[in-house]
Each structure stands twice: as C-alpha cells, then as structure tokens.
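Trainee: Could you slot chain B onto chain A? The hints should help.
Residue numbers (the numbering used here), protein chains in the order written: chain A, 27 to 319; chain B, 27 to 319.
Hint data in this document are derived by calculation from the structure and do not stem from the laboratory. Please note that a few of the clues may not be correct.
One copy or any two copies: either way a pair holds, since identical chains are not told apart in the list.
[As the list claims (entries may be wrong)] DSS-like, lysine-lysine: derived pairs with alpha carbons at most 25 Å apart:
| # | residue 1 | residue 2 |
| --- | --- | --- |
| 1 | K90 | K165 |
| 2 | K56 | K282 |
| 3 | K55 | K190 |
| 4 | K56 | K269 |
For clarity, every value in this text was computed on a predicted model and none was experimentally measured.
There are 2 protein chains.
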Amino acid sequence: MLKERMQEYAELVNKALDSYIIVEEKAEKKLLEAMKYSLEAGGKRIRPMLVLEGCRLFRKDFEKALPFACALEMVHTFSLIHDDLPAIDNDDLRRGKPTNHKVFGESTAILAGDGLLDFAYTVIAKELQNLEDIERKIKAFEIFSTCTFQMIQGEFVDISLEGKQIRSEELYHMHDYKTAALLKAALTMGAVLGGASSEEIEQLEEYAEKIGLAFQIKDDILSFTGDEKTLGKPIGNDKERGKNTFVTVLGLEKAKKILEETVQNALKILSKFTDIDTVFLKELAVFIKERNF
Amino acid sequence: MLKERMQEYAELVNKALDSYIIVEEKAEKKLLEAMKYSLEAGGKRIRPMLVLEGCRLFRKDFEKALPFACALEMVHTFSLIHDDLPAIDNDDLRRGKPTNHKVFGESTAILAGDGLLDFAYTVIAKELQNLEDIERKIKAFEIFSTCTFQMIQGEFVDISLEGKQIRSEELYHMHDYKTAALLKAALTMGAVLGGASSEEIEQLEEYAEKIGLAFQIKDDILSFTGDEKTLGKPIGNDKERGKNTFVTVLGLEKAKKILEETVQNALKILSKFTDIDTVFLKELAVFIKERNF
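Just chain A, same shape as in the assembly:
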C-alpha cells in the first residue's frame, strides 16, 4: 500500500509543481529554469506526501492540501540549493546531478533559492484568496513560516558547529530544527487543513519529530555505508569534512540502535490512534529506516 500511495502522491505533486512555474521567453527565463531544475531533480517528495496524507487522515478530498504540499517542496528545494552553495556545504552533486550553482552559477543559484522561498508564499497567498476553510489555511500558513524559520536556524547551527567537537544534545537540537522542522510542518499542516483536533495534531507532531530524527540518522548512516551510485553523491567523507553526523558523533553501531528505537517510538505513537487509518504512516516509518537511497 505504501508504494502505490507514494506513487499516487508523487504524481499529483509533480503535476501541480509543473503547473506553477511556467518558463516564458523573457529576461528572467534563466532564473525560472534554475528554479525548475532543482525542483525537478528527482526528490523523494516525502514532505508534500506527508501534507497530503495528513489531510487524507481526516477528510476525503485531500487534494485541497495540494498547494501547501507544493509550497513545502519549494521551500525544501530552496534549502537544498542554498546548502549546496560554495560558501556553505560546497557540494557539487545532489541526487546524482550537478548542484544548482554548478549548472547556473553561484549568483543565479542564490537568487533561484530566494525565488523558490518567496514563490512558495505566493502559492499560499493565492490559495488564501479562496476563503473556504480560511481559519485552517491561516493556521497552516503560520506553521509553514515558523517551521521554515526553524529549518534556516538549523542550517545555521550546522555550519556553526562544523569542525567542532559537539555533544549529542547539540546534535539532536540541530536536527530537530534542520530536518524534523519541515517534516513536522508537513504532517501538522495537512492535519490542520483536514480538520484534526488539537490532540490529534499534537500526536502527529510527535510522530513527525520521530521520523524526522529517523530520517536524518538513516541519511547519516547511508552517507557512511551507502552505495555512491544509488545515492548520487560521494560516500564516507563526512568525518574528513568536519561534518557532525549521528555516525561521526555517536559511531555507527549506536546510530543504528537509536534509529531502531526511534522508529519503534514513532510506531508506538501511531498505535494510540483508533479512529483513523495510520497504515501509510506506519509503513512510512519502516520505509525510512530500511531505504537504501
């Protein structure tokens, strides 16, 4: 069921994303191309999927959440473009393809990131023009902007701590902001738009925090032991680059153990729900742990 639904969501999101940014023959053409390049560079679409699923848990016409889902993918893409910049992580490859600044140059990459961040809000602003469910939409907008700011702060913490010996609490704080913030935003925005109760939203937020952590730990493990071809980036050099990851800070075995525990905790939270169908979220938690890309 997970695979089929992920496929369904990804198709919906890709089609919608494609319709938002139209590259016309004008002076700004190259900027829009640069934005589209990274948006279409083969992301897993985990965040927009969580928005749609979060909404689907509480209402049938979950497509209503699509604009927010797309906006979140735009913000995620913006963060990748800026993270990869020479002044920040200086990465040449992302998902097996040259990073944005490698293709379009540094100045365009900076502005393409800026453009995606702003355009995400334009999508939300347009969605708010329709006053149906307006209070829910405004709440989703607030979650969106707040968590995006957390994510930016998380990236800052990451670069500030690079090359330094850090404590595990710092590592957890960094990733709670850097990775978990947008995943939490995704699921709770969806649930808010679906009309979930505040208790339900709280539970889902906790679940999202766990899978956000699991996602990052698995990323760090893959970045140490994964297959370069499957991952589309160089492997095993986090330590030399002074990157603080769960593997470099805690060691591989401990990282694997915490990953397992974290996923179990996520599943435990879901088991408290009796009225809604959490099969997708359960399978997603396991998928995050077991994926090899």
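Mentor: Chain B in isolation, oriented as in the chain A frame:
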C-alpha cells in the same frame, strides 16, 4: 510636514522592528544578530513609510498596517544582504558600514537573508491570525509575495545584463522590477489595508511606479556625482564595474531630465485625487528628487 511625519513613521517602524527579533542566548544567537545588524543599519525606511501613509490616506488608525510595514522592510533588507554578496555585487560597504558578509561571513549572510525573507512572512502569518479585516490582509499578503518575487527577478535581470550593452527598454524593465516593485507593493498594500477603492489603488500604484523610477534614477545620479561620505559608499565606479545605470546608459544630462519629468508625472497623478490628503506623497516625490543621500 514631510520631515515630521517621516520621523514619526521611522520611530514607529524602528520600535516595532526591534520588538520582533529578540536575540536570545542560544545556538542561533549569531544568526539573529546578523539579521538585526542589517535591519538596524540606518535604512531610510521609505518602504514601510509608504505602507503606513497608504493606509493613513483612508483610515485614521493607520498603525494597523505596521506589521506589513515591518515585514516589507525585512524583505528589503534581505535583498540588500544578498545583493551585496561576493557572488553578486561584491560590495564591502552599505550606508557607510561594512556589509553583512564582511562582518559575519558569507555563509551567515546568506542564511541571515533567507531568515529575514522567511521571518517577514511569519510576521504576516501572525497578523492573519486576527481575522478582523481578513480579506484586506490576505490581499495585502498576495501583493507582498508577488512584488517580492518581481524584485528577485529584477535583481536577476540586473546581474544577467551586467557588462553588456543594453537598450533603454531593458533598463526600464529591470528597474520596474528591481526597485519599483517593492515601492508599489508598499503603497498599494497600505491602501488595501486602509480600504481604498480599486480605482484609488490603481492610481496610487501608478504614482508609486513613478517615484520608484525617480528613486532609482536619483540613486544612479548620486552614485555618479554624490558625496562618498554622505552616501557611505564609493562613488563614480559604476561604469568600470559594468553596471547598467541611468547615467551609464543614458548619460548624466538625460538622466536628470527624465528624473524631472518622472517626478512631474508623479505629481500629476496625485492631482487627480480630490477626497484624500496627498500632501505627504507630493512632498515625498520632491524629496526623492532633491535628496543628497
């Protein structure tokens, strides 16, 4: 009257801006400091003033527009930080002070810009939680995000055309996006929040377009003939740097002539208003032409 009211607005805006970003003792402290550094670097606050004045034209309690005014100043500041980056304009000085990346480093400057752009939307999202005048607020939010995207595109056009021989139409298009977009946003957002009619908004938008153009032409003239100390930046090197300005493209005399005409056109638009008090806007248009900083 202009001076006193500008002072009044600047004080309101500065106080409000100061209350938004609180620098706490935590890991992200330096990022927030970097955001505040540029926000408090002595901007003229023209954009937030236009938001407040636009609102005041139509309602007494114009302070209602303050969150939008502050959000716009944050976006303006974000654009300055990113424009100054080594990969873009590579400027060391801004308003007589070292630019953001000179003080905090390039990676922090990128993230401080990102942070200000996103935080501007957080301010708006919080403002939308209060449903009073919600349709006006949503309209203002849409103008805000759309014009910000135009401004980013304008910056892209600017860097794309750098060092190239350009036609005067390209110069006008670039500045309509790069400079006028946010000034238009400012005044129309204020007017929308104040409850102006669509005809009034259209007229004010035209006026803002004119003063946006005048503002840029005057900037270009000052950048050629101004006083380094008063302006806080080096003078007279636009041509060597391959910058396309009204002076380098059209020549100083023609630029001065167009400035004069543009301000006259702005005043002509205002003369059509009979019900509202446009003295401030009239004086502002003249001020923009005559300022020496």
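Trainee: If a hint holds in the structure, say so; if it doesn't, say that too.
Mentor: Now the hints, each set against the structure:
1. Taking the closest pair of Cα atoms, K90 and K165 come within 25 Å of each other both inside a single copy (15 Å) and across two copies (20 Å).
2. Within a single copy, K56 and K282 get their C-alpha atoms no closer than 43 Å, and across copies no closer than 33 Å, so neither meets the 25 Å cut-off.
3. In this assembly of identical chains, the alpha carbons of K55 and K190 lie at most 25 Å apart only when taken from different copies (17 Å versus 42 Å within one copy).
4. Only between protomers do K56 and K269 lie at most 25 Å apart by alpha-carbon distance; the minimum there is 20 Å, versus 33 Å within a single protomer.
Violated hint for the displayed structure: number 2, the only one.
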